[in-house]
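Given chain A, work out where chain B with the ligand should sit, using these hints.
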Amino acid sequence: MILAAGEELADLSNTLVYSAMAVYAIAFLAFVAEWILGSRSKVARTAAALTGEGDAAAAVPAQASPVVTVTKGGTTSVLERPRIVTRSGAPGRDDVPDGPGASGGDVRGDTYGRIAVSLTVLAFLLHLGAVVVRAVSVERGPWGNMYEFSTAFSMTVTGAFLAFLAARKNVRWLGLPLVTTVLLDLGLAVTVLYTESAQLVPALDSIWMWIHVPLAIVCGGLFYVGAISSGLFLLRDRHEAKVAAGEEVKGWSASVLERLPSSVSLDKFAYRINAAVFPVWTFTIIAGAIWAENAWGRYWGWDPKEVWAFITWVAYAAYLHARATAGWKGRKAAYLAIVGFVCFLINYYGVNIFFDSLHSYGGV
Amino acid sequence: MTDDTQQAEAKAAGAGARRDAERSDDAAALAGLSTAPVDEADDAQGGEGAAGAGAGSFGGRREPGARGALAWLGRECAGWARWFWRQLTSMRVALILLFLLALASIPGSMIPQDNVNAPLAEDFRERNEALSEFYEAFQLFDVYSSVWFSAIYLLLFISLIGCIVPRTWQFVGQLRARPPRAPRRLNRMPAYTTWRTDTPPDEVLAAAQRRLRRRRFRADLREDGPGGAHVAAEKGYLREAGNLAFHLALIVMLVAFAAGRLWYSEGGKLVVQGEGFSNTLTQYDDFESGTLFDVNELEPFGFRLDEFHSDFSRETVDLGTPTLFRADVTWWDQEGAEREAEIEVNDPLHVGDSRVRLLGHGYAPVVTVMDAQGELAFHGPVPFLPQDTTLTSTGVIKVSTYTGPDGEPDQLGFQGFFNPTYNIDAERGPHSTFPEPDLPVLTLNAFHGDLGVNSGLPQNVYQLDTSDMEQLRDEETGDLFRFNLVPGQSIELPDGMGTLTFDRLEQWASFQITTKAGNEWALASSLAAVGGLAASLLLQRRRVWVRAFTGDDGHTVVEMASLGRTESAKVPEELADLAERLRPDAPLVPDEAATPADETADPAEPAESAESAAAEGARP
Ligand code: HEM
Chain A
0 MILAAGEELA DLSNTLVYSA MAVYAIAFLA FVAEWILGSR SKVARTAAAL TGEGDAAAAV
60 PAQASPVVTV TKGGTTSVLE RPRIVTRSGA PGRDDVPDGP GASGGDVRGD TYGRIAVSLT
120 VLAFLLHLGA VVVRAVSVER GPWGNMYEFS TAFSMTVTGA FLAFLAARKN VRWLGLPLVT
180 TVLLDLGLAV TVLYTESAQL VPALDSIWMW IHVPLAIVCG GLFYVGAISS GLFLLRDRHE
240 AKVAAGEEVK GWSASVLERL PSSVSLDKFA YRINAAVFPV WTFTIIAGAI WAENAWGRYW
300 GWDPKEVWAF ITWVAYAAYL HARATAGWKG RKAAYLAIVG FVCFLINYYG VNIFFDSLHS
360 YGGV
Chain B
0 MTDDTQQAEA KAAGAGARRD AERSDDAAAL AGLSTAPVDE ADDAQGGEGA AGAGAGSFGG
60 RREPGARGAL AWLGRECAGW ARWFWRQLTS MRVALILLFL LALASIPGSM IPQDNVNAPL
120 AEDFRERNEA LSEFYEAFQL FDVYSSVWFS AIYLLLFISL IGCIVPRTWQ FVGQLRARPP
180 RAPRRLNRMP AYTTWRTDTP PDEVLAAAQR RLRRRRFRAD LREDGPGGAH VAAEKGYLRE
240 AGNLAFHLAL IVMLVAFAAG RLWYSEGGKL VVQGEGFSNT LTQYDDFESG TLFDVNELEP
300 FGFRLDEFHS DFSRETVDLG TPTLFRADVT WWDQEGAERE AEIEVNDPLH VGDSRVRLLG
360 HGYAPVVTVM DAQGELAFHG PVPFLPQDTT LTSTGVIKVS TYTGPDGEPD QLGFQGFFNP
420 TYNIDAERGP HSTFPEPDLP VLTLNAFHGD LGVNSGLPQN VYQLDTSDME QLRDEETGDL
480 FRFNLVPGQS IELPDGMGTL TFDRLEQWAS FQITTKAGNE WALASSLAAV GGLAASLLLQ
540 RRRVWVRAFT GDDGHTVVEM ASLGRTESAK VPEELADLAE RLRPDAPLVP DEAATPADET
600 ADPAEPAESA ESAAAEGARP
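Chains A and B are the protein sequences, given in the same order.
One point on numbering: in numbering that gives the first Met the number 0, the residue at position 338 of the first sequence is 337, and numbering is uninterrupted.
One point on numbering: in numbering that gives the first Met the number 0, the residue at position 126 of the second sequence is 125, and numbering is uninterrupted.
Because the hints were derived from the structure by calculation, they are not lab data.
Worth double-checking, as some hints may not be accurate.
Unchecked claim - With beta-carbon atoms standing in for the labels, derived distance ranges:
1) B:V365 to A:V189: 56 to 62 Å
2) A:A162 to B:I250: 34 to 40 Å
3) A:L344 to B:G172: 43 to 49 Å
4) A:V189 to B:G359: 33 to 39 Å
5) A:I25 to B:I423: 54 to 60 Å
6) B:T329 to A:A162: 37 to 43 Å
Remember, it's a predicted structure, so these values are computed and weren't measured experimentally.
Don't be surprised by glycine CBs; every beta carbon is placed ideally from N, CA and C.
The shape of chain A in the complex, shown without the other chains (with noise of 0.2 Å):
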C-alpha cells in the first residue's frame, strides 16, 4: 500500500529532522551565549525590593513597582484620564520586579538572544516540516508510535514557546531549558525510538486517533513548559528567601537566578498553563475512554495506560486544589505540578516500556 513515494518521503522527513536539530544545536548556543554575556550586568532589584534598602519604589523600575498604572492603548496622563493604581495581593514578595531576562540588560547578550529565538523559528519550520511530510508518507496521523509521538511531542513544545513570544509574553528566559530538552528528545527519537512501521492496527484507525492523540501532545507540551516554569520557581523562590533573610547570594547560579522572572510571577505563570490546560487533559481522558467503549468494550479498564492517565490527572486536580488551600500554595503546589508533569512522563515512555498494556503500540 505504501508506494516507493512513501518511502521517499520518510527519507525526506528524517533528513528535515536532522536538519532541525542541527538548527536547534546552533540556537542553543546561541542561547547559552545570551546567558553568559548577560551575566556581566549587575542586577540587585530582587535585594533592594526584599530588604527595603533605600526606597523600594524608588530602586523598582517603574513596570514593575508596586504602584502600576495600567494602561488601554495609547499614552498615560494622570490629567487626561483617570488612572487606576493596583495593590498586590499578597505582602513581602509581590514587590519583587521580575528580572531582566537572559541577557539581563546587555546588549551583546540580547543580540544573541534575538539569534536565538530567530534560529528557533527557523529550526521549529523544519521540525514543523518533517512532521507533515512524515504525515504525508504514511497517509495518516503523524503520531503511530512512539517516534511520531515524541518528534511531534517536542515540536508542540517548541511551537508553545514560540506562540507565547508571539503573543508578547515575557518568556524568553524559557528559550535554553526548552530546546535543550528538545534535543534530548529528538536525539532520543532518532536513535533509540526510531520505526519505520507505517501502517496502523485496525484498533488504531479510528477517528479518536485524531482527537485524543494530538490533544495528548498538546497537553504533554504544555505540561512541561508549565513543570519547568514550576521547578524554576523553586529555585528563584529560595534565592528570594535566602536575599529576604540577608544572606549573601553569590556565583553563577545566583547570577542566573537574578535574571529570571520574580517567584510570584513563576508561579502565576505555571498556574495559568495548567489551569488552563487541565480541561483539555480532562477531555483527552475522556475521548480515550469512548474510543476504548467503542475498540474495546469498556471505557474504563485499569489498563496501565489508563490509571496513569489517571494518577495523571489525580495530581494536576490536587495541584490546583493546593493552590487554592492555605498552607499548601506555594512551594508544595510546585512540588505538586513537578509531579504531575512526571506521571504523565511515567504514563508516556514508562508505560509503553516497561508495562503489560493494551496500548502498547509502543515499537520501541
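Then chain B with the ligand, alone, in the frame of chain A:
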C-alpha cells in the same frame, strides 16, 4: 481568596483598633466571592481553630453522677463527630485524599490485575508463590475493587458531597442576594482609580450603573454603607456555577461507574463463517455479568456471520500488519426482520442495549473423518486459535462417535497446528510466516482412546486430555504418526483406522456481546465536568464598586475599585476600561497637585504598601 484575607490580616497586624474595623470592612467586601470553605486552621498560624478544641475537651465540665457522665459523653461524641465531619469536608483533607488516591492507583499498574489481564495474573502467581500470598492478603491482584482503594475514594466522595451541598446553597443564596456593599476605603482594594469631575454625584452613579449593566454586571445602586452612596456590581457567577457543576458531575460519574459494574453483561462467542448466534445464555462460549444483572433479560436477537474480510500489509517494513478486519453479518431482532450490517474493530453493531463487537479472527479447517468401517464419523469446521500475529494456530479435533477396525466403539483425537503460510525450522517447529493463507497446511498428531467427554467434567474444546489416550504410530516405521495436509488432501490413518480429509478452509471471527448500564450517564456527566472545569478555570469572578460624592473643593470625586478572587491582570485592565467608558459621563477636571491617594475623603498613608512590604520581608 485566602491571599486577600492574608493581605488584610498582614496590614492590620500591629495596628490599632481603627485598622481592625477596616479589616472587617474589607472582609465584608470579600465575603462570598468564592464559596470555597475558609480553612479555619491555617498552617501558617500554627493550626488552631477547629482542631484547637483539642482531644477530650468537647464535653466540657462533667457533672457528678451517671446523668452527668451521660450528658458529658453525649457532648463529647457530638463534638468529635462534628470535628471529624469538619475535617473530612475541609479542602486540606480533600487534597490529602486526592493524593492518596493517586498513590493507591500505582500498584495496580505494576502488579498484574485479575480483572484486567487474568492470564498474566495467573502466570505471576505460579512464578512467585510466596510473594503472591502476600499480594493476595492485601488484595493487590484486585487493587481497584480492594477495601483500601474503595475506602479512599468513598471518603473522598463523602467529603465532596459534604463540601458541595453547603456550597451549592450558599451560591444559590448569593444569586438571590445583592452584590455586597462597598468597603469604606476603596483605595485599599487591589485595583483602584479616582478622578474629579463636575457631573453631580447622583448622575455619575446612574451612568455607572447603566454602563456596568451594559457590560453584564449585576449592578446595584446603594445609598447605605459606611462610605455613602455607591454602585456595587459583580460578575462572573458562571465561574462558581461551573465549579459546582464540575464537582457534582464527578458524583454522577461515580454513580454511573457503579451502575456499570452492577448491571453489566459480557459474553464471548466464536462464530465460523456461515454460522450464527442467538443471544441466549447457553449459546455463549463464556459469559459473566454484574450482581444485579438478570440473565433472563438478555436482548432477544441473533446474527449470522456471512463473510469475514481481513487484509494484511505485504510491504517489507510492516509485513503482516493488519489493515482491515470486517465482519459482514445478517442480524435479526425479536420481530424477525433480517438486516445486514458490517462490524469493524472500532465500529460495533448496536441492537437495543446490546453491542456486538469484533474481537478476533482465525481459521477453521473443514475436516471430514471416516471411521474404520467407512462410515462418516465427523464433518465440520474446526476453529484453530491463533498464537501469534502471523496466525500460527493450534487446535484439536475430537471425534467422539467412532468405530474402530475391530467394530468396537472408540474415540479419536487430533492435536496440532494450522499455519496459513507454512514454514518449518528447527527452532520453532512448524509455524506461519504470514497471516493470509498463501500455503495453508494442517499439521496433526493422532490419538485414540477415551476423550473424557463423558466424564462429566467441563471440557475445553481447544484442549485434548490425552491421559486416557494412546498416540497412533506409523505401521511401518513405528514412529509417532504425524502428518501434513493441504486443502483437498486426505490421509489414511494407520492400521486401517479410517481417513481424515482436509476439505477446505473457513474463517471464523470472535465477537463480544455486552450490555452496560449507565454509559450515557457517564458520558453526559464527564462532558458536563469538562464544561464546568473550563468555566471554573477560565472565567473570573470579580466585584466593582463606584462611589461618587462631593469633595471639599466642591467638585465631585469619583472612586472606582475592583476585586477579583484570583489576582489576574485582567481585573485592573477591566477597571481601566470601565473607567474609560464612564469618563464621557463624568469628564475629568484637571488638578496638577493631587495624586490619587491624596484625593480620597479618608486619606490612606501614601507609603503604606511599600512600608508593609519592607516590614513583611519574606512572605510568611
Ligand atoms: C472532597 C472533595 C472535594 C472538595 C471538598 C473540593 C473542594 C473544592 C473547592 C472548594 C474548590 C474551589 C477552589 C477555588 O474556588 O479556588 C475546588 C476546585 C476544584 N476542584 Fe475540588 N473538591 C473536592 C474534590 C475534587 C475532586 C475529586 C476533583 C478532581 C479530581 C476536584 C477538582 C477540582 C478542580 C480542578 C478545581 C478548580 C481549582 C481552581 O479553581 O483553581 N475536586 N474544589
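Consistency of the hints with the structure:
no., hint, verdict
1, B:V365 to A:V189: 56 to 62 Å, "50 Å, violated"
2, A:A162 to B:I250: 34 to 40 Å, "37 Å, holds"
3, A:L344 to B:G172: 43 to 49 Å, "44 Å, holds"
4, A:V189 to B:G359: 33 to 39 Å, "35 Å, holds"
5, A:I25 to B:I423: 54 to 60 Å, "56 Å, holds"
6, B:T329 to A:A162: 37 to 43 Å, "53 Å, violated"
Taken one by one, the earlier hints fail for this structure at numbers 1 and 6, listed in ascending order.
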